[in-house]
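If you read the protein sequences in the order shown, they are chains X and D. 1 is the number of the first residue of the first sequence in my numbering; add one for each residue after it. 1001 is the number of the first residue of the second sequence in my numbering; add one for each residue after it.
Hints were generated in silico from the structure; no laboratory data involved. C-beta: ideal position from N, C-alpha, C; glycine also. It is possible that some hints are incorrect.
[What the hints assert, rightly or not] Using C-beta positions, here's what the derived DEER-type ranges look like: (1) X:Ala17 to D:Gly1028: 38 to 46 Å; (2) X:Glu15 to D:Leu1070: 48 to 56 Å; (3) X:Pro79 to D:Asp1063: 43 to 51 Å; (4) D:Val1100 to X:Leu56: 29 to 37 Å; (5) X:Glu64 to D:Arg1016: 44 to 52 Å; (6) X:Arg96 to D:Val1113: 30 to 38 Å; (7) X:Ala17 to D:Asp1074: 39 to 47 Å; (8) D:Arg1009 to X:Thr113: 41 to 49 Å.
[Unchecked claim] The calculated lysine-lysine pairs, modelled on DSS-like cross-linking and capped at a C-alpha distance of 30 Å, are: (9) X:Lys69 to D:Lys1011; (10) D:Lys1015 to D:Lys1044; (11) X:Lys69 to D:Lys1062; (12) D:Lys1062 to D:Lys1011; (13) D:Lys1015 to X:Lys69; (14) D:Lys1015 to X:Lys49; (15) X:Lys69 to D:Lys1044; (16) D:Lys1078 to D:Lys1011; (17) D:Lys1071 to X:Lys108; (18) D:Lys1083 to X:Lys49; (19) X:Lys108 to D:Lys1011.
[Stated by the list, open to error] Among the chain D residues that face chain X by a calculated CB cut under 8 Å, a handful are: (20) Leu1039; (21) Asn1052; (22) Asp1056; (23) Ser1087; (24) Ala1088; (25) Leu1091; (26) Val1100.
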Amino acid sequence: AQSVTQLDSQVPVFEEAPVELRCNYSSSVSVYLFWYVQYPNQGLQLLLKYLSGSTLVESINGFEAEFNKSQTSFHLRKPSVHISDTAEYFCAVSERGGGSNYKLTFGKGTLLTVNP
Amino acid sequence: EAGVAQSPRYKIIEKRQSVAFWCNPISGHATLYWYQQILGQGPKLLIQFQNNGVVDDSQLPKDRFSAERLKGVDSTLKIQPAKLEDSAVYLCASSLASGVGYTFGSGTRLTVV
Chain X
1 AQSVTQLDSQ VPVFEEAPVE LRCNYSSSVS VYLFWYVQYP NQGLQLLLKY
51 LSGSTLVESI NGFEAEFNKS QTSFHLRKPS VHISDTAEYF CAVSERGGGS
101 NYKLTFGKGT LLTVNP
Chain D
1001 EAGVAQSPRY KIIEKRQSVA FWCNPISGHA TLYWYQQILG QGPKLLIQFQ
1051 NNGVVDDSQL PKDRFSAERL KGVDSTLKIQ PAKLEDSAVY LCASSLASGV
1101 GYTFGSGTRL TVV
């Protein structure tokens, strides 16, 4: 069975500082990896995803994540954060070629708080 | 394209009452999911449908929760009777059968008092 561990439940940073949100996964087969963002009182929005190809994937608002197969990690980074990046971030995994069972399994989330 | 539609957005009920949530997935998406997100936690899968058949309901509390997906399109999730610990946001999502893209609805926030 697949599982996701987000190592930090809360990450406070100052505006314009770099940030890394850590995610490790466990699966017996190859996986697809996702980062979702949830702003206060809003639904889940896809931030970026790794399906295949380049292990470094980027979002339109400056976030990037790198798939590391040997370390089973998919950490999310941003070189300079803004106040508006304050939100809950969820790492998620689904298994490739899982027949009809393409369920998405989530980590517990990391609350990123950007302070002025 | 239209997103995943859910209703109602908010619901407050007393414990032991019943409640139902509705979801309309993206047209053409064969797979539909119901997730429960308790405050401060990640979403937990309750049930997964492939067309109108159940693929995974291993974490659905079947003594009080039920779900159906009529004709492989819309879906309803019901809780009867509700408990205080059922207070959560119930998220519906849909995807193509390939499992590479999931679209979530805005969710229904349930408060049981």
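Right, here's what the structure says about each hint:
The hinted range of 38 to 46 Å is satisfied by Ala17 (chain X) and Gly1028 (chain D), whose Cβ atoms lie roughly 43 Å apart. Under the hint 48 to 56 Å, the C-beta atoms of Glu15 (chain X) and Leu1070 (chain D), about 49 Å apart, fit the expected range. Between Pro79 (chain X) and Asp1063 (chain D) the CB atoms are about 50 Å apart, so this pair conforms to the stated range of 43 to 51 Å. Taken as a hint, the range 29 to 37 Å is violated for the pair Val1100 (chain D) and Leu56 (chain X), whose Cβ atoms sit roughly 18 Å apart.
Between Glu64 (chain X) and Arg1016 (chain D) the beta carbon distance is about 49 Å. The supplied range of 44 to 52 Å therefore holds. Between Arg96 (chain X) and Val1113 (chain D) the beta carbon distance is about 43 Å. The supplied range of 30 to 38 Å is therefore violated. For Ala17 (chain X) and Asp1074 (chain D), the Cβ-Cβ distance of about 46 Å falls inside the hinted range of 39 to 47 Å, so the restraint holds. For the pair Arg1009 (chain D) and Thr113 (chain X), the beta carbons lie near 26 Å from each other, so the given range of 41 to 49 Å is not met.
For the given pair, Lys69 (chain X) sits about 43 Å from Lys1011 (chain D) by alpha-carbon distance, which is inconsistent with the 30 Å threshold. A C-alpha spacing of about 22 Å is found between Lys1015 (chain D) and Lys1044 (chain D), which places the hinted pair at or below 30 Å, so the restraint holds. Restraint check for Lys69 (chain X) and Lys1062 (chain D): the C-alpha separation of about 37 Å exceeds 30 Å, so the hint is violated. Simply put, Lys1062 (chain D) and Lys1011 (chain D) have alpha-carbon atoms about 21 Å apart, close enough for the 30 Å limit, and the pair holds.
Among the hinted pairs, Lys1015 (chain D) with Lys69 (chain X) is inconsistent with the structure: their alpha-carbon atoms are about 46 Å apart, more than 30 Å. A hinted pair counts as satisfied when its Cα atoms are at most 30 Å apart, and Lys1015 (chain D) with Lys49 (chain X) does not qualify at roughly 39 Å. Restraint check: the Cα-Cα separation between Lys69 (chain X) and Lys1044 (chain D) comes to about 25 Å, which is no more than 30 Å; the hinted pair holds. Note on Lys1078 (chain D) and Lys1011 (chain D): the hinted pairing holds, with a Cα-Cα distance of about 13 Å set against a maximum of 30 Å.
Using a Cα cut-off of 30 Å, the hinted pair Lys1071 (chain D) and Lys108 (chain X) is violated, with the two alpha carbons roughly 33 Å apart. A distance of roughly 36 Å separates the Cα atoms of Lys1083 (chain D) and Lys49 (chain X); the hinted pair therefore is violated under the 30 Å criterion. At roughly 24 Å between alpha-carbon atoms, Lys108 (chain X) and Lys1011 (chain D) fall within 30 Å of each other, so this suggested pair holds. Against a cut-off of 8 Å between C-beta atoms, the interface hint on Leu1039 (chain D) is violated, since the closest Cβ of chain X lies about 11 Å away.
The closest approach between the C-beta of Asn1052 (chain D) and any C-beta of chain X is roughly 13 Å, which is over the 8 Å cut-off, so the hint fails. For Asp1056 (chain D), the shortest C-beta to C-beta distance to chain X is roughly 6 Å, which falls under 8 Å, so the interface hint holds. With a least beta-carbon distance of about 15 Å to chain X, the hint placing Ser1087 (chain D) at the interface is violated under the 8 Å criterion. Evaluation of the Ala1088 (chain D) hint against chain X yields a violated restraint, the C-beta minimum of about 14 Å exceeding 8 Å.
Because the beta carbon of Leu1091 (chain D) sits about 7 Å from the nearest beta carbon in chain X, less than 8 Å, this interface hint is met. Checking Val1100 (chain D) against chain X: minimum C-beta separation of about 5 Å stays under 8 Å; hint holds.
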